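Chemist: Sequence:
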Amino acid sequence: MKTGFPPPRLVLVVSVALLSLFVSTASARTVRKRKLDRDYDRTDNSRDSEDRFFPVTPAGASVPVTPPVPETIDVVERMIRKGGFQTLIKLLFTADLVDTLKGPGPFTVFAPTNRALPSGQALEDFVVSEPLSELRNVLAYHVVPGIIRSSDLVDGARLMTVQGTEIVVSIDSTGARVNTANILSGGMRDIQADNGIIHGIDGLLMVYN
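Mature numbering (1 follows the signal peptide of the UniProt record, and there is no 0) puts the sequence shown at residues -28 to -1, 1 to 181.
Everything labelled a hint here was simulated from the structure, so no lab data went into it.
Take the hints with a grain of salt, since some may be wrong.
No farther apart than 16 Å at their CA atoms in a straight line, the calculated lysine to aspartate or glutamate pairs in the EDC-like style are these [to be verified]:
| no. | residue 1 | residue 2 |
| --- | --- | --- |
| 1 | 62 | 49 |
| 2 | 54 | 166 |
| 3 | 74 | 49 |
| 4 | 54 | 162 |
| 5 | 74 | 166 |
| 6 | 74 | 43 |
| 7 | 62 | 97 |
| 8 | 62 | 96 |
| 9 | 62 | 102 |
| 10 | 74 | 46 |
Distance ranges between label pairs, derived from CB positions [to be verified]:
| no. | residue 1 | residue 2 | range |
| --- | --- | --- | --- |
| 11 | 126 | 101 | 34 to 40 Å |
| 12 | 55 | 132 | 26 to 32 Å |
| 13 | 70 | 119 | 18 to 24 Å |
| 14 | 96 | 143 | 34 to 40 Å |
| 15 | 146 | 76 | 33 to 39 Å |
In this text the structure is predicted, and so the values were computed from the model without any measurement.
A virtual CB, placed ideally from N, CA and C, is assigned to each residue, including glycine.
With the hints as constraints, model all of the structure from the sequences given.
Modeler: Dropping the structure here:
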């Protein structure tokens, strides 16, 4: 007898088919979810990999710092920073001796202060009147190879200069001199540089053959 309803067998088959489709869809969603989670984990792992190359310092932790390269201060730079030797520095530049005094040395420089040298027009006249070779000769006469501190100076000592002739040290109750120029005190002697030492003097040393 026909009732207008599908046969029970057909209903069962359709129900099983729908259930299988639901299970299959749910399973597919689960697989995609797991893959998404796995891909997200891989992304995190890749970030971890980047962090290994570019580490992030935790808050409050100390950051390793590469120590700076120590600054080298040669005798020329030391005289510039000390002050009182600007005229001598100008003469050294004019005579092309700055690079020499920036070398490894070591040098002892008996450095005439600004008061010991002509200034203004007199300085220009002095530079113009002296051949460049003679200016170099005079300035080189103020430089002795090696480190000679004021405590090393003894009366009557003769010091060979880089110019090739000697200067003479004299010491008495009034102080110490090289030739006729007084070696200054009050912070103007034993001025230490990385490639030598500087002693301020109150006169220009002239070369006498």
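Chemist: Which numbered hints are broken by the structure, listed smallest first?
Modeler: none
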